[in-house]
Amino acid sequence: MPKIADIQLPDFPLLLAPMEDVSDPPFRALCKEQGADVVYTEFISSEGLIRDAAKSVMKLDIYERERPVGIQIFGANLDSMLQSIEIVEKSNPDIIDINFGCPVKKVVSKGAGAGILKDIDLMVSLTKAMVERTHLPITVKTRLGWDDTSIKIVEVAERLQDVGCKAIAIHGRTRAQMYKGNADWKPIAEVKNNQRMHIPVFGNGDIDTPEAAMRMRDEYGLDGAMIGRASIGYPWFFREVKHFFETGTHAEPPTMEERVEAARRHLQMAIAWKGEKLGVFETRRHYTNYFKGIPHFKEYRMKMVTSDESADVFAAFDEVMERFGDFEFAET
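Residue 320 in full-length UniProt numbering is what sits at position 320 of the sequence shown, and the numbering runs on without skipping anything.
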């Protein structure tokens, strides 16, 4: 079974990917309850941390129920990244993860995220310096390469391991692809099959069904799966994958009552953590998937995603339960 430093993980662990404005404490709590083995914070700017930016500092909040939990940071300036480690350590995470994969232009343009894939030597030296600065295990999330002509992920992963990286999660796309096309897991398998590799290699990208997770495990031989978009508004995905692994059958989808209760708790926790305005706004993106598959639902969805008052959203949940309480969801 894989280990990240001294952190023992189950056979083929499922990891909640760090996602901006998604992987916050309320959502991580729901995913943990549904079987996520490791969770990560939203990615946090090292520059924001050292400047004490409120939004960046707030993302450092972690809770005992989440463990093992990783705090993910990004940046391209060595001094800033090293200073941010001292700040991150005070939150006492189990893992510090470096984001070398975010393809968003405003991050890449500063040489951070996937932007560093243009300078592998910097990527390696930055990782080495961070490993030497902290007692916590350093892990990396990255992509196959900058574009199709620069895929050297086998060599890159080996070099990162050699400077002390304790695990690597690889998204099966290049930066040039962004999120388009299909993820290619073959190069990730090549990393895993490199006889010199001994740290866990996790796959990411297009794991949107239990069957896909099983293929990643059985056909590609990876150590675990990092789940991103499939979990948004659907924390039950972790439970369903594990059920499929154990039985070979699909789990019963969550009932309407379970969905309404999860959406209600999600919003309650979000408001408690980030306040009424942000709590209402940043939870909106989940509602489509919470209630996906219900016919004639547009009226209720619009209430949920346009209301600025939580009371109106909670009232919409009540209306949904009253009208659709007996609705039976098909297997996803």
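The set of hints was computed from the structure by calculation and includes no laboratory data. Because the structure is a prediction, the values reported are computed rather than measured. Any given hint might turn out to be false.
[As the list claims (entries may be wrong)] Only pairs whose alpha carbons sit at most 16 angstroms apart, straight line, appear in this in silico EDC-like list of lysine to aspartate or glutamate: (1) K55 / D37; (2) K192 / D147; (3) K192 / D162; (4) K277 / D308; (5) K152 / D184; (6) K152 / E190; (7) K274 / E309; (8) K242 / E257; (9) K277 / E309; (10) K152 / D119; (11) K118 / E155; (12) K277 / D21; (13) K152 / D121; (14) K128 / D208; (15) K242 / E252; (16) K192 / E155; (17) K106 / E20; (18) K118 / D79; (19) K90 / D119; (20) K292 / E257; (21) K303 / E282; (22) K274 / D308; (23) K277 / D312; (24) K186 / D148; (25) K118 / D147; (26) K242 / D37; (27) K186 / E155; (28) K242 / D11; (29) K274 / E20; (30) K186 / E219; (31) K90 / E64; (32) K128 / D162; (33) K292 / D162.
Do the hints match the structure? See the list:
1. K55 / D37: Status violated; Cα separation ~26 angstroms.
2. K192 / D147: violated, 21 angstroms
3. K192 / D162: holds, 15 angstroms
4. K277 / D308: holds, 7 angstroms
5. K152 / D184: holds, 14 angstroms
6. K152 / E190: holds, 11 angstroms
7. K274 / E309: At roughly 14 angstroms apart (the allowed maximum being 16 angstroms), E309 and K274 satisfy the hint.
8. K242 / E257: violated, 22 angstroms
9. K277 / E309: Roughly 8 angstroms separates the two Cα atoms, so the pair holds.
10. K152 / D119: holds, 12 angstroms
11. K118 / E155: Given pair K118, E155 holds - Cα atoms ~14 angstroms apart, limit 16 angstroms.
12. K277 / D21: Measuring from Cα to Cα gives roughly 14 angstroms; hence the hint holds.
13. K152 / D121: Distance ~12 angstroms between K152 and D121 Cα, so the pair holds.
14. K128 / D208: Violated, because 34 angstroms separates the two Cα atoms, which is more than 16 angstroms.
15. K242 / E252: holds, 13 angstroms
16. K192 / E155: With Cα atoms ~12 angstroms apart, K192 and E155 stay inside 16 angstroms; holds.
17. K106 / E20: holds, 13 angstroms
18. K118 / D79: Distance of about 20 angstroms is beyond 16 angstroms: violated.
19. K90 / D119: violated, 30 angstroms
20. K292 / E257: The hint holds at about 14 angstroms.
21. K303 / E282: At roughly 15 angstroms apart (the allowed maximum being 16 angstroms), E282 and K303 satisfy the hint.
22. K274 / D308: holds, 14 angstroms
23. K277 / D312: Holds. K277 to D312 sits at ~13 angstroms (cutoff 16 angstroms).
24. K186 / D148: holds, 13 angstroms
25. K118 / D147: This hinted pair holds, its Cα atoms lying about 10 angstroms apart.
26. K242 / D37: holds, 11 angstroms
27. K186 / E155: holds, 15 angstroms
28. K242 / D11: Satisfied, since the Cα-Cα distance of roughly 11 angstroms is no more than 16 angstroms.
29. K274 / E20: holds, 15 angstroms
30. K186 / E219: Answer holds: K186 to E219 is near 10 angstroms, not above 16 angstroms.
31. K90 / E64: holds, 14 angstroms
32. K128 / D162: holds, 9 angstroms
33. K292 / D162: violated, 45 angstroms
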